[in-house]
Amino acid sequence: MYNVDKIREDFPILKRKVHGRQLVYLDNAASTQKPIQVIDAWTNYYKEHNSNVHRGVHALSQEASLMHEEAHVKVGKFVGAKNPMEETVFVRNATEAANIVAYGWGMHELKAGDEVLSTVMEHHANIVPWQFLKDRGVKINFVDIDSEGNLNIEDMKEKLTKKTRLVTCVHASNVLGTINDAKEIGKIAHDNGSLFMLDGSQSVPHMQVDVKKLGCDFMIFSGHKMLAPMGTGALYAKKEILQKMHPFLGGGDMIHEVTLEKSTWNDLPWKFEAGTPDVGGSVAFSAAIDYLNKLGMDNVRKHEKEITKYAIDKLSGIGGMNIFGPKNEEKRSGLVAFNVGELHPHDVAGILDSAYSVAIRSGQHCAHPLSARLGQTSTNRASFYVYNTKQEIDILIEGILKVKEILGK
Amino acid sequence: MAYDIYQENILDHYENPRNFGHILNCTAKAHDTNPLCGDMFDFEVAVSEGRIQDVRFNGKGCAISTASASMLTEKIKNMTVEEAMKIEREDITEMLGVELSHVRIKCAMLPLKVMKLALIECKK
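Line order of the protein sequences matches chains R and S.
Heads up: the first sequence is residues 1 to 409, going by this note's numbering.
Heads up: the second sequence is residues 410 to 533, going by this note's numbering.
Hints in this document: simulated from the structure, not taken from any laboratory.
One thing to keep in mind: the hints can contain errors.
Said to hold, decoys possible - Partial list, computed: chain S residues near chain R (C-beta under 7 angstroms): (1) Y415; (2) K469; (3) C471.
As the list claims (entries may be wrong) - Here are some chain R residues pointing at chain S (derived, C-beta under 7 angstroms): (4) T95; (5) G363; (6) S378; (7) I406.
These numbers come from a predicted model, not from an experiment.
By construction, the Cβ of each residue, glycine as well, lies at the ideal position given by its N, Cα and C atoms.
From just these sequences and the hints, can you work out the full model?
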């Protein structure tokens, strides 16, 4: 039985008052709040086990190394990796993961004339690292969307060429909420002889994602969007790809042998984790996975679908609302972007915050090309997670009605 | 309730922005954006003998940035370029007459930045 009230008890910050009112936190697509179990795991690590990993033979170093390694296994298993430890590289965030692929794979494997196929609905993390490859003569193409905000698969097939070495797309859009058919896109990529990369930043926290079933060669995601601390995230990549891939950062822990002339690389995944890692973050990331596993990802998805449907129904009832993305909640993740007539999102979000203590995102959501494609200067976005309730949506709605009253449009 | 920043004068300037539009033969113009929210403003100035004879703005922004732009045009008309270049953040908050948060102050400051860019163009 999914008990939201009980879940909320685990999140100290949700008890906080902001501007004298109970906080309503609806900015989960940017970063989620952390349960006490995750906070405790982090502090417990520093209270009891703190030491550098993979270096000492003393007890604390061995404990820390084991905890760090176990965290990799847990995260890898969570996304269905065949070799959970070797195929899970810990990073600071999904952006860093994308850069490892662009630098470690793209800069070495791609040559002038090769192509990368991305989409117009990407977060900057899945656009900008590929633009770095343009200096090498690599061409970047972008698949368009249809009027409802679904990826145009026909356009993808047309833009795919024999030169396309990588197809990369977001699993769930951070603006439109659209859930892309990753399995189909992966198959299209592989049938063309291209590799397939998935940005799971907005899907891994919200639903069951299995890299084997989806056919991912690479998948990037952030820990802080799924209850873990900021500064945590992971790159999944197939073992055989990581083995051949060039390391991104060089230095401590990522080497096997070093002479003044050359170096050889450490085993996976350490080859891609240069320098002292964020072990406290790893341990807390692991605790976040435990928390989500206990809830059950199918239950998480079911809860978010209910909240999203409720929010879309209520928002649609307000005059002059412009709601973006697919209308069917089966085809979208737990977020909804909208505009209140012509009102500027900063005014909307500003009043929601100051008068109703409702935290939503306003702006371009690190997806400027998508804003341009939608013809919007910016949008509001309410995004939901395991602890949000229908009562909170009601407060959002009450706030929007007040915004319309104050700004009189 | 706490939506004090949406004072009557701010809403008035937002709904009826002053000096909104273009100058036929402007001396200089400038454009800038706030990448956080996508706000964008253009300022056009007509300067003769070091004095701002006319100023117009256009673009898209929130209530705070639009009101700030509108009030700023009224403030600087007939000022010398030197005087206008001395306008600072404190002058903008005083002009708006409201306390702005760390984030919203950026909204209020964009028009001043664009205006100064235009005035720098004049000097070239």
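Taking the closest Cβ pair, is S:K469 under 7 angstroms from chain R? holds (5 angstroms)
Less than 7 angstroms between beta-carbons is the criterion; does R:T95 satisfy it with respect to chain S? Because about 16 angstroms separates R:T95 from the closest Cβ in chain S, which is outside the 7 angstroms limit, the hint is violated.
For the hint on R:S378, does the least C-beta distance to chain S fall short of 7 angstroms? holds (4 angstroms)
Per-residue hint verdict: R:G363, partner chain S, C-beta under 7 angstroms: For R:G363, the interface hint holds, since the closest Cβ of chain S sits about 5 angstroms away, which is under 7 angstroms.
Taking the closest Cβ pair, is S:C471 under 7 angstroms from chain R? holds (4 angstroms)
Quick check on S:Y415 please, does its C-beta sit within 7 angstroms of some C-beta on chain R? holds (6 angstroms)
Would the hint on R:I406 be counted as holding, given a Cβ-Cβ threshold of 7 angstroms to chain S? Where the cut-off is 7 angstroms and the nearest Cβ of chain S is about 6 angstroms from R:I406, the hint holds.
Checked against the numbered hints above, the structure breaks only hint 4 and satisfies the rest.
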